[in-house]
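> Using the sequences provided together with the hints, build the complete structure.
FYI, this note's numbering numbers position 154 of the sequence shown as 154, with every residue one higher than the one before it.
No false leads were mixed into what you were given.
Quick list of the computed label-pair ranges, beta carbon to beta carbon: (1) V108 - L44: 30 to 36 Å; (2) L107 - P58: 26 to 32 Å; (3) G109 - L9: 24 to 30 Å; (4) L100 - L47: 30 to 36 Å.
Rather than coming from a laboratory, the hints here were simulated on the basis of the structure. If you're wondering where the values come from, they're calculated on a predicted model, not measured in any experiment. Glycine included, every Cβ here is placed at the ideal spot set by N, Cα and C.
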Amino acid sequence: MPAAVLGLLSALVYGSADFLGGVAARRIGPVRTTAVGAVSGLVLLVLSLPIAGGVWSPAALGWGALSGLVGSAAVGLLYACLAIGPMSILSPLTALVSALVPMAWGLVGGDRFGLVGSLALGLALVAVVLVGFVPEKGAVRPSARALGMAVAAGALIGVFLILLDQTPDDSGVVPLIANRAVNGAVMWTVVGLLVLRRRRAPQDEDALPACSRAASASRSAPGRSMRPPTCSS
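Printed below as a string of structure tokens:
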């Protein structure tokens, strides 16, 4: 299958993943969305291994695992910025940056663009500018925080692609399996730590002295100007 067709199919999959991931991140949070996506992706890759094949080697597993660490941060930032929105601006910006990083890496390594590649890059830059141009008053515009997260996510996705490119030619989907395994382990560890933190928060509050809880309640009670109680030693 020609590389151009594979590129178009991957762009379609990436775009769909951005949209669905952003919607899920708004409902269950970017961390849980990334964790669920890692496990589901791992299952699909393992099922595809007999068909796609791949040689298990230290290089394939090592580069794949390293890309999993980078990918955890990349996808987490991506879903977090898409949850803030608007997706119509942040998703294309992330895609453009994720393409510029490996492009720059290739140029440093000696690769050169042809006429079609140069025109495509120019069209991509123009397209992102046009998508981000919203003349209507009151239209939703991305915040500086969301833009920064989108650029960081795109840069990390580009690094992720560079790392996968270092794998042996005969590795097949093995690096991706290592990637998803590490990604899932990292993200589910983060989910577990967040759950433990939330469970410990009420216990920490109960451990406070009674006078401290009364002071906190008096400060939070609306319409009260009474002096909060003080604790005596």
